[in-house]
Amino acid sequence: MKKPSDFLLIERINQCPKLASLKSINDTLKDLLDSEDSFVSQIAEVIRLDPSLTTRVLDLVNSIFFGSKDSARISGVEEASIFLGLNRIRDLTAATPVIEEIFKLGKKSSSFPWVDFWKHSIGTAILTREILSFAEEEFEHEADYVAGLLHNLGILILAITFPDHFSEVYKKEYKSYLELLETEKERIGWDHAKIGAYYLWNHHISEEVVDSIHWHNQPSEAKASPKLA
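The working numbering applies: residue 1 is where the sequence shown begins, and numbers increase by one.
I should point out that these hints are in silico values taken from the structure, not numbers from a laboratory.
Keep in mind it's a predicted model, so treat the numbers as computed, not measured.
Note that CB positions come from ideal geometry on N, CA and C, so glycine has one too.
Errors might be hidden in some of the hints.
Straight-line Cα separation of at most 25 angstroms, DSS-like style, residue types lysine-lysine; simulated pairs [what the hints assert, rightly or not]: (1) K171 to K119; (2) K3 to K119; (3) K185 to K172; (4) K2 to K172; (5) K3 to K171; (6) K171 to K194; (7) K194 to K172; (8) K18 to K104; (9) K2 to K185; (10) K3 to K175; (11) K194 to K18; (12) K194 to K223; (13) K3 to K223; (14) K2 to K104; (15) K3 to K185; (16) K175 to K185; (17) K18 to K119; (18) K104 to K194; (19) K194 to K2; (20) K171 to K185.
Restraint ranges, calculated between C-beta atoms of paired labels, are given here [unchecked claim]: (21) I10 to E79: 46 to 52 angstroms; (22) G76 to E186: 52 to 58 angstroms; (23) T54 to K175: 40 to 46 angstroms; (24) I82 to E168: 48 to 54 angstroms; (25) Q42 to P17: 32 to 38 angstroms.
Turn these sequences into a full structure, and let the hints guide you.
The structure is reproduced here in structure tokens:
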């Protein structure tokens, strides 16, 4: 299969649907979360206005605290908010609209492993924030969580823009992640990290997030945010 030119790569990525929610967070909920005077009941009331966020809050608190014991499951948003705490609610607020739009993009590729992608993305976002908190590193505008959540977005963009190349590259098993990256470069011209970084740069996402995603497999090469990478 012929490797696409840089011009064709850029053209296809530019034509890929935009994620409108990348730059938006529910302002009302964010203000409540940032306020020291907020009550859990107020926060729960705002969460109830967003069915998707409500579902994620309930799913998360039940999976973390109660496992599969159906008899003990929590069904109320206010009680769930107490268990999760404001920091975890803030993370979900930032992530939910982005996840749902990525899910819509994923449907455009019948061969894309959406469930595995979603689990890995969420897990990486949570771990990124936890690791950086232990290192006492802080980033503005949810940059740490967003970078973790979107670090492999380029794989999805590749599946949408060049489905045949995606299938050819990802049907094989690789001895190492670096071998996968080299195969992507050989068959496509760019690896998925560069594809994701360019796509997000097109969204005017902050330089530190774009840079960390571009170099998350080679953090020593990152210039704007090596610690985040």
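Evaluated hints:
no., hint, in the structure
1, K171 to K119, "holds, 20 angstroms"
2, K3 to K119, "violated, 31 angstroms"
3, K185 to K172, "holds, 15 angstroms"
4, K2 to K172, "holds, 18 angstroms"
5, K3 to K171, "holds, 17 angstroms"
6, K171 to K194, "holds, 21 angstroms"
7, K194 to K172, "holds, 21 angstroms"
8, K18 to K104, "holds, 11 angstroms"
9, K2 to K185, "holds, 12 angstroms"
10, K3 to K175, "holds, 23 angstroms"
11, K194 to K18, "holds, 17 angstroms"
12, K194 to K223, "holds, 14 angstroms"
13, K3 to K223, "violated, 29 angstroms"
14, K2 to K104, "violated, 29 angstroms"
15, K3 to K185, "holds, 9 angstroms"
16, K175 to K185, "holds, 16 angstroms"
17, K18 to K119, "holds, 22 angstroms"
18, K104 to K194, "holds, 22 angstroms"
19, K194 to K2, "holds, 19 angstroms"
20, K171 to K185, "holds, 16 angstroms"
21, I10 to E79: 46 to 52 angstroms, "holds, 49 angstroms"
22, G76 to E186: 52 to 58 angstroms, "holds, 53 angstroms"
23, T54 to K175: 40 to 46 angstroms, "holds, 43 angstroms"
24, I82 to E168: 48 to 54 angstroms, "holds, 49 angstroms"
25, Q42 to P17: 32 to 38 angstroms, "holds, 35 angstroms"
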